[in-house]
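We have chain A already, so just place chain B on it with the hints.
Top line first, the protein sequences correspond to chains A and B.
One point on numbering: in the numbering used here, the residue at position 43 of the first sequence is 43, and numbering is uninterrupted.
The number in the numbering used here is simply the position in the second sequence, starting from 1, with 133 added.
Rather than coming from a laboratory, the hints here were simulated on the basis of the structure.
Cβ atoms here follow ideal geometry from the backbone N, Cα and C, with glycine treated the same way.
Take these hints with a grain of salt, some might be off.
Computed footprint of chain B on chain A; a stretch qualifies when at least three of its residues, placed anywhere within it, have a C-beta under 8 Å from a C-beta of chain B [as the list claims (entries may be wrong)]: (1) 35 to 43; (2) 101 to 112; (3) 123 to 132.
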Amino acid sequence: MPPPTSGRARPLSPHLQIYRPMLSTAMSIFHRITGTALAFGMLVLVGWLLAASMSDGCFALIEGFFYNWFGRLVLFGFTWALIHHALGGLRHFVWDTGRGFALNHVEWLVRANVIGSIVITLLIWVIGYGVRG
Amino acid sequence: MSMRSELGKVRGLGAAHEGTGHFWQQRLTAVINLPLVVFFVWYVADHIGADRAAIVASFKNPLVAFGFGALIVSTCWHMKLGLQMIIEDYVHGHFTKFGSLIANNLYAFGLMGLGLLAILKMFLGN
Numbered sequence: 001m002p003p004p005t006s007g008r009a010r011p012l013s014p015h016l017q018i019y020r021p022m023l024s025t026a027m028s029i030f031h032r033i034t035g036t037a038l039a040f041g042m043l044v045l046v047g048w049l050l051a052a053s054m055s056d057g058c059f060a061l062i063e064g065f066f067y068n069w070f071g072r073l074v075l076f077g078f079t080w081a082l083i084h085h086a087l088g089g090l091r092h093f094v095w096d097t098g099r100g101f102a103l104n105h106v107e108w109l110v111r112a113n114v115i116g117s118i119v120i121t122l123l124i125w126v127i128g129y130g131v132r133g
Numbered sequence: 134m135s136m137r138s139e140l141g142k143v144r145g146l147g148a149a150h151e152g153t154g155h156f157w158q159q160r161l162t163a164v165i166n167l168p169l170v171v172f173f174v175w176y177v178a179d180h181i182g183a184d185r186a187a188i189v190a191s192f193k194n195p196l197v198a199f200g201f202g203a204l205i206v207s208t209c210w211h212m213k214l215g216l217q218m219i220i221e222d223y224v225h226g227h228f229t230k231f232g233s234l235i236a237n238n239l240y241a242f243g244l245m246g247l248g249l250l251a252i253l254k255m256f257l258g259n
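If we strip away everything but chain A, and leave its shape as in the complex, we get:
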């Protein structure tokens, strides 16, 4: 796109701010936010794989991060982002088939997405702590 030649800012049509905020809108945005967060999470996963493949020192360094409270919080956040994004993906698969577009169905799907992601994330962590004993 060529840069505008006149110095005056051109008027723009109204965008998101003219609509009443709704849960379905928020879920759409959250799908992108969790996706972006997971992209940064890939850095941690690949870092962990590299550390494990290299040396005890590197591995101890990254494991040390996972075993303090801040590292735990980050991992908990990534678990939720992963489950939320995966469930959001399932929601999009339903929509891809042309189903679930009735307003009450959309509301039901986005609520299931939020509640499901929280329940499954807690379940994974409860099981995780259970396995560790």
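Coordinates of chain B only, in the frame set by chain A:
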């Protein structure tokens, strides 16, 4: 009356010259990611508190090595497509958009290469 040429209609590629390729690959990698993420969560739960020797030993199992390899390839490709869509939606300047798209490719394929390298090293190493 349609303004599109006969050849354009047959090709069905539209203005972006790639048709539904991006959309389709996004869905395809999403479907593949689902069982791989279940495998990944199971692996992590199974290896909480494991030391490095136990992790490296687990990667001698071809199923674990392949599972992680597939996870890295599929998620990195999915990530590349997703971030590309966000960049194309929100970054409008010609040079910043072009630069962001290049950086996105370097990030995705860099992580994919490093991840695969680490997995191969543990699978093949002694």
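Evaluation of the provided hints:
With 6 residues bearing a CB less than 8 Å from a CB of chain B, the stretch 35 to 43 of chain A meets the requirement of three and the coverage assertion stands. Check result for the stretch 101 to 112 of chain A against chain B: violated, 0 residues qualifying (beta carbon to beta carbon below 8 Å, three or more required). Given a C-beta distance limit of less than 8 Å, the hint that chain B covers the stretch 123 to 132 of chain A holds, as 5 residues qualify and 3 suffice.
Hint 2 from the earlier list is the only one contradicted by this structure; the remaining hints agree with it.
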